[in-house]
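Just so you know, we're using this note's numbering here: the sequence shown kicks off at 1196 and counts up by one.
Just so you know, these hints were derived from the structure itself, not from any lab.
Treat the hints with care, since some could be wrong.
[As the list claims (entries may be wrong)] Derived EDC-like pairs: lysine to aspartate or glutamate, alpha-carbon spacing no greater than 16 Å straight-line:
{"id": "1", "residue 1": "1266", "residue 2": "1248"}
{"id": "2", "residue 1": "1246", "residue 2": "1267"}
{"id": "3", "residue 1": "1266", "residue 2": "1232"}
[Stated by the list, open to error] If you anchor each label on the Cβ, the simulated ranges turn out as follows:
{"id": "4", "residue 1": "1222", "residue 2": "1268", "range": "14 to 24 Å"}
{"id": "5", "residue 1": "1266", "residue 2": "1229", "range": "14 to 24 Å"}
{"id": "6", "residue 1": "1250", "residue 2": "1221", "range": "29 to 39 Å"}
{"id": "7", "residue 1": "1198", "residue 2": "1225", "range": "24 to 34 Å"}
{"id": "8", "residue 1": "1237", "residue 2": "1207", "range": "16 to 26 Å"}
{"id": "9", "residue 1": "1228", "residue 2": "1205", "range": "26 to 36 Å"}
{"id": "10", "residue 1": "1200", "residue 2": "1222", "range": "30 to 40 Å"}
On a predicted model such as this, the values are computed, not experimentally measured, just so you know.
Just so it is clear, CB atoms sit at the ideal spot from N, CA and C, and this is done for glycine as well.
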Amino acid sequence: MNTVLKIRISRNERGIWQYRFWEHTICDELDYQQHMDYCHFNPVTHGFVNKVEQWSDSTFHFLVKKGVYSKDWGS
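Modelling step: build the complete structure from the supplied sequences, incorporating the hints.
Encoded structure:
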């Protein structure tokens, strides 16, 4: 059983949607970039990986290939 699943079971969460959320309209390019950075760094923040590049289920790898991020971003 993976770590994410264990945490979700301990919180009694079911399904794929997070329990609490809030809506936010992206205002501009800077706001968009900050939210993308947040999403890419989140697995590190929660201790699932040590480096952003280790999280395989992410657009980070695609954006590295496009030159948006360097491979060692967030390290």
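Evaluated hints:
For the hint pairing residue 1266 with residue 1248, the CA-to-CA distance comes to about 7 Å; that is within 16 Å, so the pair holds. A distance of roughly 8 Å separates the Cα atoms of residue 1246 and residue 1267; the hinted pair therefore holds under the 16 Å criterion. For the suggested pair residue 1266 and residue 1232, the alpha carbons sit about 13 Å apart, so the restraint of at most 16 Å is met. The beta-carbon spacing between residue 1222 and residue 1268, approximately 23 Å, falls within the hinted interval of 14 to 24 Å.
Distance hint for residue 1266 and residue 1229: a CB-CB separation of about 20 Å, consistent with the stated range 14 to 24 Å. For residue 1250 and residue 1221, the hinted distance range of 29 to 39 Å is not satisfied, since their beta carbons lie about 22 Å from each other. Between residue 1198 and residue 1225 the C-beta distance comes to about 32 Å, which sits within the given range of 24 to 34 Å. Between residue 1237 and residue 1207 the Cβ separation comes to about 21 Å, which falls inside the hinted range of 16 to 26 Å.
Against the hinted window of 26 to 36 Å, the Cβ-Cβ separation of residue 1228 and residue 1205 comes to about 33 Å, which satisfies the hint. Taking the beta carbon of each, residue 1200 and residue 1222 are about 35 Å apart, inside 30 to 40 Å as hinted.
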